[in-house]
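Enquirer: Take a look at the letters that make up each chain.
There are 2 protein chains.
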Amino acid sequence: MEREPKQDRSRATRLRLLEATIDCLAAQGWGATTVSVVAEQAGVSRGAAQHHFPTREDLITAALDFMFDGRMAEIREEAVGLPIGPGRTEAVVSRMVEYFTGPLFRAALQVWTAAAADDALRQRVVPLEAKFGRVAHRVTVELLGADDADPVAHRLVQATLDLARGLGLADVLTDDSLRRSHIIRQWSATLDAALGQPAVG
Amino acid sequence: MEREPKQDRSRATRLRLLEATIDCLAAQGWGATTVSVVAEQAGVSRGAAQHHFPTREDLITAALDFMFDGRMAEIREEAVGLPIGPGRTEAVVSRMVEYFTGPLFRAALQVWTAAAADDALRQRVVPLEAKFGRVAHRVTVELLGADDADPVAHRLVQATLDLARGLGLADVLTDDSLRRSHIIRQWSATLDAALGQPAVG
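These protein sequence lines map, in sequence, to chains A and B.
If you read the first sequence in the UniProt record's numbering, its first letter stands for residue 1, the second for the next number, and so on.
If you read the second sequence in the UniProt record's numbering, its first letter stands for residue 1, the second for the next number, and so on.
Calculated from the structure, these hints are not laboratory results.
Among the hints, a few may not be true.
To be verified - Restricting the straight-line Cα-Cα distance to at most 20 Å, the calculated cross-link-like pairs of lysine to aspartate or glutamate (EDC-like) are: (1) A:Lys131 with B:Asp171; (2) A:Lys131 with A:Glu57; (3) B:Lys131 with B:Glu142; (4) A:Lys131 with B:Asp176; (5) B:Lys131 with A:Asp171; (6) B:Lys131 with A:Asp69; (7) A:Lys131 with A:Glu142; (8) B:Lys131 with B:Asp65; (9) A:Lys131 with B:Asp175; (10) A:Lys131 with A:Asp69; (11) B:Lys6 with B:Glu98; (12) B:Lys131 with B:Asp176; (13) B:Lys131 with B:Glu74; (14) B:Lys131 with A:Asp176; (15) A:Lys131 with A:Asp148.
Whole structure, please, built from the sequences with the hints as guidance.
Expert: This is the structure:
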């Protein structure tokens, strides 16, 4: 009878650590995000934090992975309310771009950038990046109702996610939301028109 | 009669420091890029380096600014050899994407990412980012022969640069060149078709 609450507490501690990791990375950057700092921000003892995540790399990759899964599940759930027909493409593109302008993207940017100059971290991060790319692509195809077997649609969905990543990066230092809304609107119209085009190359 | 060679030497020292800064940022990251490390890599004494660039921020912003101007001048010069007519859009888009996948972009990414968690650095970097965005836009408009007064063309050129930035980010941890070449080809075809579209919104 005692095990259940203990497991619940353990799960709640883990979740607090994962959330604090994303917040810490996004606001304070890679250099400041150590297990001790995150534990303190999460209100968890350093020992308990290290029981869950022995190294900083364990903590950070677990946080990105867990939060990404949660974000994609949210996007899928919210999609139930998206318009069918005209306006759907823009609504879907907006959702995906939102993901790339939130704290999770900012946190991932800190880790990707650190990994660019750190081979051991790169080894940990590359499979995660591959998974994120694959899942974001699948979710976008699904929400747009695009035919991923069609090479034009496949590449334009990829381009849409590359655009979203670029828009995310443009928002890191200044609020780029007004310019971004125009780009999203234009891109969505162009995407709608292009999804009828014949394949290139 | 003595001043000329002295000025030349000073200019050469400055240039070596700026080039070493970009290489150091791109390969070793923000944390490792200090005036001492760069001076050593450039084969310049620490005193001489600090004479030219009193602080790390002076050195890094000067390096990004100088190298960006050089890169844009190169892109403009190379454009003389670009095809006129079909194929030009793809050639121009490729050139701009190349800029976002080179060492200069990797160096800038290190600085932008550090600035996201450092307000003093952010103050220095924001005007630089604004200038880079403005100039890259103007060069792209010029090379594409696009009508920037047309809102569709204006937004699609911006989207092209956002896409290029996203493709640059996707290349930081792994070689993404094969996927990228398909995206560039598809987007160039879509861009050509879209530049004939009526304005949206």
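Enquirer: Give a verdict on every hint.
Expert: Here's how the hints hold up against the structure:
1. A:Lys131 with B:Asp171: holds, 15 Å
2. A:Lys131 with A:Glu57: Holds - the C-alpha atoms of glutamate 57 of chain A and lysine 131 of chain A are around 17 Å apart, at most 20 Å.
3. B:Lys131 with B:Glu142: Holds, at about 16 Å.
4. A:Lys131 with B:Asp176: holds, 15 Å
5. B:Lys131 with A:Asp171: Distance of about 15 Å is within 20 Å: holds.
6. B:Lys131 with A:Asp69: Given pair lysine 131 of chain B, aspartate 69 of chain A is violated - Cα atoms ~37 Å apart, limit 20 Å.
7. A:Lys131 with A:Glu142: The hint holds at about 16 Å.
8. B:Lys131 with B:Asp65: holds, 9 Å
9. A:Lys131 with B:Asp175: With Cα atoms ~16 Å apart, lysine 131 of chain A and aspartate 175 of chain B stay inside 20 Å; holds.
10. A:Lys131 with A:Asp69: holds, 10 Å
11. B:Lys6 with B:Glu98: Given pair lysine 6 of chain B, glutamate 98 of chain B is violated - Cα atoms ~36 Å apart, limit 20 Å.
12. B:Lys131 with B:Asp176: At roughly 28 Å apart (the allowed maximum being 20 Å), aspartate 176 of chain B and lysine 131 of chain B break the hint.
13. B:Lys131 with B:Glu74: Given pair lysine 131 of chain B, glutamate 74 of chain B holds - Cα atoms ~17 Å apart, limit 20 Å.
14. B:Lys131 with A:Asp176: holds, 15 Å
15. A:Lys131 with A:Asp148: holds, 17 Å
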